[in-house]
Every structure is written in structure tokens, then in C-alpha cells.
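S.K.: Work out the full structure, taking the sequences as your base and the hints as a guide.
Note that the working numbering gives residue 120 to position 120 of the sequence shown, counting from 1, and the numbers run on in steps of one.
One or more of the hints may lead you astray.
[To be verified] Listed next, the in silico DSS-like pairs over lysine-lysine satisfying Cα-Cα at most 30 Å (straight line): (1) K53 <-> K113; (2) K106 <-> K28; (3) K113 <-> K171; (4) K196 <-> K231; (5) K147 <-> K171.
Just so you know, the hints here were simulated from the structure itself, not pulled from any lab data.
Since the structure is predicted, the reported quantities are computational estimates derived from the model, not experimental observations.
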Amino acid sequence: MRIIYSDCYGFCKGVRSAVAAAEDALCKANKLSIPCYAAGDIVHSACVMDSLKEKGLQIVAPEAINAPGIAVIRAHGVPDSVRSSLEAKGLEIVDATCPVVLRSQKLLRESKKETIVIGNAGHSEVDALLGAGRNTILVERESDLEKLDSSRSYNAVVQTTFSLPLLESIKAKAIVLGLDIAYLNTICQASIERRKALEALLPAVDALVVCGDSASKNTRELVEMGRMAGKPSFLVSSPLDIPSDIFLFDTIGLTAGASCPDTLIESIERRLSDV
1 MRIIYSDCYG FCKGVRSAVA AAEDALCKAN KLSIPCYAAG DIVHSACVMD SLKEKGLQIV
61 APEAINAPGI AVIRAHGVPD SVRSSLEAKG LEIVDATCPV VLRSQKLLRE SKKETIVIGN
121 AGHSEVDALL GAGRNTILVE RESDLEKLDS SRSYNAVVQT TFSLPLLESI KAKAIVLGLD
181 IAYLNTICQA SIERRKALEA LLPAVDALVV CGDSASKNTR ELVEMGRMAG KPSFLVSSPL
241 DIPSDIFLFD TIGLTAGASC PDTLIESIER RLSDV
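M.R.: Written as C-alpha cells, this is what we have:
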């Protein structure tokens, strides 16, 4: 079996920075003998979160976080109300929010127009974005545009890992409906680079392995890209998850989501090579 790596895969800068910030916060908290909290997973990776929890990170609901202690804001951000609540309790805040998400939140707060968030309901980043705007409208699909008023003007921010084909469909539908929407550039460049690299890789392989966590939107998008290209594609979260079917193929493409650590990628690659 031949394994070909994608030219771009694994931790993005935002995830790498968030994990480092959490580890630094844990180190400080342990020295001071105070708890270190996070209101939700820092990143969408079970193995990364298991490692942080082993070092003492406590994942609890925002209302259960109390001083003294350090509160780490996850990479996907939190609604403004959660941040304000943590600050009011006197906790030390370590902000590990991705810079792209911080920019999106700032654009929503400062918008003079009505605002739209284009993204997936329930995603932690989308919750953070909706919590930064005033009466912000969520658009998940083309049909949601029917809620908008063609006599008004809107500013729209987009979830950093949102499906690009779906975004283009939404934009096209908005034109048909005569909607005045300014789309602010908030798609994550790292996600775009990973998709482009995978697009270039797919013609050269028989099947695809995507390393990462099923909770990660950008990881699932990479798997879907492989399947849409007609390649058998497998999401693998640990070496034990590798399906036996993968060994039927001569050439395997290997990539990873933006929250997948190098150690996991390497262990999966070793397992593929050893058989």
C-alpha cells in the first residue's frame, strides 16, 4: 500500500494557539492551586481534550464556574453574555478564541446594519456569533432567506468552517430574492487551504483516510469531499478505528482536520504502514 499525504493537514494556527493557551493556563492554575475551567471543549478533538483534562482542566457549564480560578475561552468563542458573566465573577480570563472568530464577533457588534450569521445551528462557533450581535438572524440553508426583508440591508458573517458550495447556493438564492446582503470575509483561510489541497490529492488516490474527530465540522467536510469525488472515504479517530476495507486499496490519501494533533496522525499512519 502506498500512502500519499495531502499538502495541508492537521492543526491550524488557531487550534495550535488555543491548545497552547489552555496548557499555559493549566500550568499557572496548578502552581497557584486553583481550578482551571472551560465552558465547553477547547477544540473539537477528543484526544486533545482527554490530555487537557488529565492535566486538570474542568469542563463545566458557565453558571457552575466560580472564583477563584482561571476560565479558558474555547477556540470557537463564547457568547458575550457568558464572557461578561465570567468577568463579573472575578475569574481570570484566558481568551483562546480563534482570531478569525474574534474578528467576526467584532464585525457583528459594530455593524450599523441588521446582521445575519450563516452557519449550522448548535455549532459552538455559531452560538458565539449569535451571542455577539443584536437580534442576529441565523441562516442555515436557502429557505431561511425567506425570513429576510428585501427592503432592508444586511451584513452577514459566515461560520469559519461552513460548506463553500452551500454558501454559494445561499448567495445565489439571495440574488434571486432581491436581498441586499454584504458578505463579510470570515471563512477560515486554513479550512480553504485544506480543502484545496485535498481537491488536488483526490485524483491520485484510490481511497481517503481523514484523521480527526466526528465532532469537528471541518473534518466531516473533508470526508464529504472525498465521497463526493467518488472515493471511498473514512473518518478515523484512532488507529483502532481503521476499517479493514482500507487495506484493499493500493493508494491511500491521508489528510486531517484542523483540530487533529500530529501524534494522532502519526499513529494512524504507522498503523496503515504496518499492515
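S.K.: Would you list, in rising numerical order, the hints stated earlier that this structure does not obey?
M.R.: Going through the list in order, the structure violates hint 1 alone and respects the others.
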